[in-house]
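Chemist: Taking the hints into account, I'd like the entire structure generated from these sequences.
Protein chains in written order, with numbering that gives the first Met the number 0: chain A, 0 to 451; chain B, 0 to 451.
The list treats identical chains as one, so a pair stands whether inside a single copy or across any two.
No farther apart than 27 Å at their CA atoms in a straight line, the calculated lysine-lysine pairs in the DSS-like style are these:
#1 K2 with K62
#2 K388 with K315
#3 K315 with K386
#4 K394 with K384
#5 K31 with K364
#6 K55 with K69
Please keep in mind that the hints were generated in silico from the structure rather than gathered at the bench. Just so we're clear, the structure is a prediction, and the values are computed from it rather than from any experiment.
Number of protein chains: 2
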Amino acid sequence: MAKMTPRTLSGFMELLPAQQQQMEHIMETLRKTYALYGFTPLDTPVIESSEVLLAKGGGETEKQIYRFQKGDADLSLRFDLTVPLAKYVALHYNDLTFPFRRYQIGKVYRGERAQRGRFREFYQADIDIIGDGKLSILNEAEIPAIIYKIFSSLGLKRFQICVNNRKVLNGFYAILQLTEKSTDIMRTVDKLDKIGAEKVSAILQNDLGVSEASALEILRFININGSSQDVLSSLESYKGRNELFDQGLEELSTVVRSLSAFGIPEENFTVDLAIARGLDYYTGTVYETVLLDHPEIGSVCSGGRYDNLAEYYTDKQLPGVGISIGLTRLFYILGDQKMLNPNLPTAPADVLILPMTEDLSDAIKLATLLRENGIRVQLHCENKKFKQKISYADKLGIPYVIFLGDDEIKAGVVACKDMKTGEQTKLEAAATVYRIKAGLDNLAQGPVILEG
Amino acid sequence: MAKMTPRTLSGFMELLPAQQQQMEHIMETLRKTYALYGFTPLDTPVIESSEVLLAKGGGETEKQIYRFQKGDADLSLRFDLTVPLAKYVALHYNDLTFPFRRYQIGKVYRGERAQRGRFREFYQADIDIIGDGKLSILNEAEIPAIIYKIFSSLGLKRFQICVNNRKVLNGFYAILQLTEKSTDIMRTVDKLDKIGAEKVSAILQNDLGVSEASALEILRFININGSSQDVLSSLESYKGRNELFDQGLEELSTVVRSLSAFGIPEENFTVDLAIARGLDYYTGTVYETVLLDHPEIGSVCSGGRYDNLAEYYTDKQLPGVGISIGLTRLFYILGDQKMLNPNLPTAPADVLILPMTEDLSDAIKLATLLRENGIRVQLHCENKKFKQKISYADKLGIPYVIFLGDDEIKAGVVACKDMKTGEQTKLEAAATVYRIKAGLDNLAQGPVILEG
Numbered sequence: 000m001a002k003m004t005p006r007t008l009s010g011f012m013e014l015l016p017a018q019q020q021q022m023e024h025i026m027e028t029l030r031k032t033y034a035l036y037g038f039t040p041l042d043t044p045v046i047e048s049s050e051v052l053l054a055k056g057g058g059e060t061e062k063q064i065y066r067f068q069k070g071d072a073d074l075s076l077r078f079d080l081t082v083p084l085a086k087y088v089a090l091h092y093n094d095l096t097f098p099f100r101r102y103q104i105g106k107v108y109r110g111e112r113a114q115r116g117r118f119r120e121f122y123q124a125d126i127d128i129i130g131d132g133k134l135s136i137l138n139e140a141e142i143p144a145i146i147y148k149i150f151s152s153l154g155l156k157r158f159q160i161c162v163n164n165r166k167v168l169n170g171f172y173a174i175l176q177l178t179e180k181s182t183d184i185m186r187t188v189d190k191l192d193k194i195g196a197e198k199v200s201a202i203l204q205n206d207l208g209v210s211e212a213s214a215l216e217i218l219r220f221i222n223i224n225g226s227s228q229d230v231l232s233s234l235e236s237y238k239g240r241n242e243l244f245d246q247g248l249e250e251l252s253t254v255v256r257s258l259s260a261f262g263i264p265e266e267n268f269t270v271d272l273a274i275a276r277g278l279d280y281y282t283g284t285v286y287e288t289v290l291l292d293h294p295e296i297g298s299v300c301s302g303g304r305y306d307n308l309a310e311y312y313t314d315k316q317l318p319g320v321g322i323s324i325g326l327t328r329l330f331y332i333l334g335d336q337k338m339l340n341p342n343l344p345t346a347p348a349d350v351l352i353l354p355m356t357e358d359l360s361d362a363i364k365l366a367t368l369l370r371e372n373g374i375r376v377q378l379h380c381e382n383k384k385f386k387q388k389i390s391y392a393d394k395l396g397i398p399y400v401i402f403l404g405d406d407e408i409k410a411g412v413v414a415c416k417d418m419k420t421g422e423q424t425k426l427e428a429a430a431t432v433y434r435i436k437a438g439l440d441n442l443a444q445g446p447v448i449l450e451g
Numbered sequence: 000m001a002k003m004t005p006r007t008l009s010g011f012m013e014l015l016p017a018q019q020q021q022m023e024h025i026m027e028t029l030r031k032t033y034a035l036y037g038f039t040p041l042d043t044p045v046i047e048s049s050e051v052l053l054a055k056g057g058g059e060t061e062k063q064i065y066r067f068q069k070g071d072a073d074l075s076l077r078f079d080l081t082v083p084l085a086k087y088v089a090l091h092y093n094d095l096t097f098p099f100r101r102y103q104i105g106k107v108y109r110g111e112r113a114q115r116g117r118f119r120e121f122y123q124a125d126i127d128i129i130g131d132g133k134l135s136i137l138n139e140a141e142i143p144a145i146i147y148k149i150f151s152s153l154g155l156k157r158f159q160i161c162v163n164n165r166k167v168l169n170g171f172y173a174i175l176q177l178t179e180k181s182t183d184i185m186r187t188v189d190k191l192d193k194i195g196a197e198k199v200s201a202i203l204q205n206d207l208g209v210s211e212a213s214a215l216e217i218l219r220f221i222n223i224n225g226s227s228q229d230v231l232s233s234l235e236s237y238k239g240r241n242e243l244f245d246q247g248l249e250e251l252s253t254v255v256r257s258l259s260a261f262g263i264p265e266e267n268f269t270v271d272l273a274i275a276r277g278l279d280y281y282t283g284t285v286y287e288t289v290l291l292d293h294p295e296i297g298s299v300c301s302g303g304r305y306d307n308l309a310e311y312y313t314d315k316q317l318p319g320v321g322i323s324i325g326l327t328r329l330f331y332i333l334g335d336q337k338m339l340n341p342n343l344p345t346a347p348a349d350v351l352i353l354p355m356t357e358d359l360s361d362a363i364k365l366a367t368l369l370r371e372n373g374i375r376v377q378l379h380c381e382n383k384k385f386k387q388k389i390s391y392a393d394k395l396g397i398p399y400v401i402f403l404g405d406d407e408i409k410a411g412v413v414a415c416k417d418m419k420t421g422e423q424t425k426l427e428a429a430a431t432v433y434r435i436k437a438g439l440d441n442l443a444q445g446p447v448i449l450e451g
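Modeler: As structure tokens, then:
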């Protein structure tokens, strides 16, 4: 028979089993952390009606959307988890209780040009808190605590949560009487790291018609740095000149004030006035998260406060705050940077049982006992040489191998080999369970991510 | 602004938060059980190249496939998890270790005619064990143990795992010299429950040209029943007349023999000679699982042994055995039959903290302490009336509410209300943690599914 050469589409991540286990560890950490902060899991369809999904208009994204006909229906694959959330909240408004806190880890689709490290199918891991009409600033203050918990649970220490406030920015530009140009200015300022201060200044003056004095003021402003307290103090000098600015400064102060109560170390947090986030709909606190040893990667967890989640679907005012992790890209980068802990268990099982007798009853009973104790077991009964069976455990990194022959069965013991140390014990089944569990607890130590 | 009416496509399940929590409980049970039996998690793309996905040809399914162009590419959404597995194993053959045991819980797509209880996007939960060249019969014997563990972990008792063997069937038809007609005969026999013995007999004789004697023999054969041992004994009478039959009987006996060692109660298992499974590629043991109180639903977990997983992609002989649960449909049915345990916790948090002071530091620290102890916490700082906040906890089913006012902070205690009993305690933070954890352990008891 002629064979079709199997292949996976380019831009679609498909992991080998050991890598997949690492990905599962990360997802499990995210799920657990989100749950601890009172977010409920949500799952929405991958496919939506195009007119619903694209109600806002897609802009830059629209070209990348996977859109197609099926029968009479014009369908699209979701390109983020925010639009489906907006639809969900508007549609199920009467069945939800606000503030509504949800997390969602799901695949989204964007037909980007294929290149290394870019994906067309990728996981986003989002959390959002949605208020009905209004939403307390404390929700914005809690987000950095969640980001901190996520990345430190994954094993990272050298990361920084960067926070700014759009009201501070918009207020500042109002003070300079540049409100109408503020979006263009922020877009330019966003390139500071890439093109440098001189070019930013040139674009501001030549392309956007900002005066030299204002350009200088803008660059001075976004370069304000130091500790969070220092930045807040510097901002005090603008106070009293614009209501929006003052409100933003108050919010930013509240967020900073909560940090120590939330237990976030000073070094993992900064107020960065250069951050604006491209999206137009952020209206308050905005967040980015950078890996300090890999600034070239950009932000690995971003988001902010918005005033109107679902304005395309409902008259209801639904303010919210949310963050998103581009999980597939993050996983790719961690692998690429050799930051995934190679010592974390990735085996499909904790124990491989090799029955050495014709009658398998005792082996099966032992497997059942182990499983009842939460130990993951494979029974290996293939007709292969002993050496091949040991090599199977070895290749997969299965930490314990149990041999069960007539002698052991008669003596009421179990021969169990620790594959790492080579140590072999002959103990009763219950004692073997105890030994393996203790050993596994030791193995399981260590985070998913290792730093440099 | 004109609003777009939000809607979710028909045939696409979108759950409210409490239902979603129930679904998560089920998925978590599946993941845990699969892992205990040494299956490794796998995740493959939802989109595949059409020529790869449809290498086998789709038959009945082909019309239902979501297939579309994106740029030059002819793409399709996966319609099951088996074809992607075949592709995966063929593609990554050199990186895998055999026997390869994987589980996958993922969404698949079929553009079926929309009707109640039928879904176009639905989860399948699959496990497969793939051998390289050959695969021991013990793997087939272990599958009923896994099915038993899954459904009993979910809380079901009144279910039955039905097993048959294709070699027994094919051997039997060879004995009757009906090998060429066997596929058509099995398809007809499969309708026995729906159309009755008389009509089956009529079709066999009139449409398929089976002799009256053979039709009688076939009906007698598939009606053999009683205990597994009884059925095996009845089958002994056909022994020695066909090699394939003898081999199948030997396999079936091995599977039955393992049952008690695997701890499967007699009442949850039966040998059912009427089961053939429609798919052509099953070659050995086949499985179905029925809910005894809801036979009308049909099988909720099916599968079998096949000889050639990936014959369209590779010359390698890759025999395997697998089962699949149509999770979305199962969930829908369980809900429809009111079998989902309404008492299982579905709240987004275990504790709602209501800070009663301007300064939130103590409330935040308490939240952190609770979270460090694995307790899911929401801080509720919205500007709302006390009554509204209590109602928030009540609506969401959050079991504990904590009030933290100046008095409590001064006294170093925490006021904590059990929302179910109304009992309120004032204890130190550590004692409150202890009390809540004990209470939650009690709440968490009970399975996902309740029977009649």
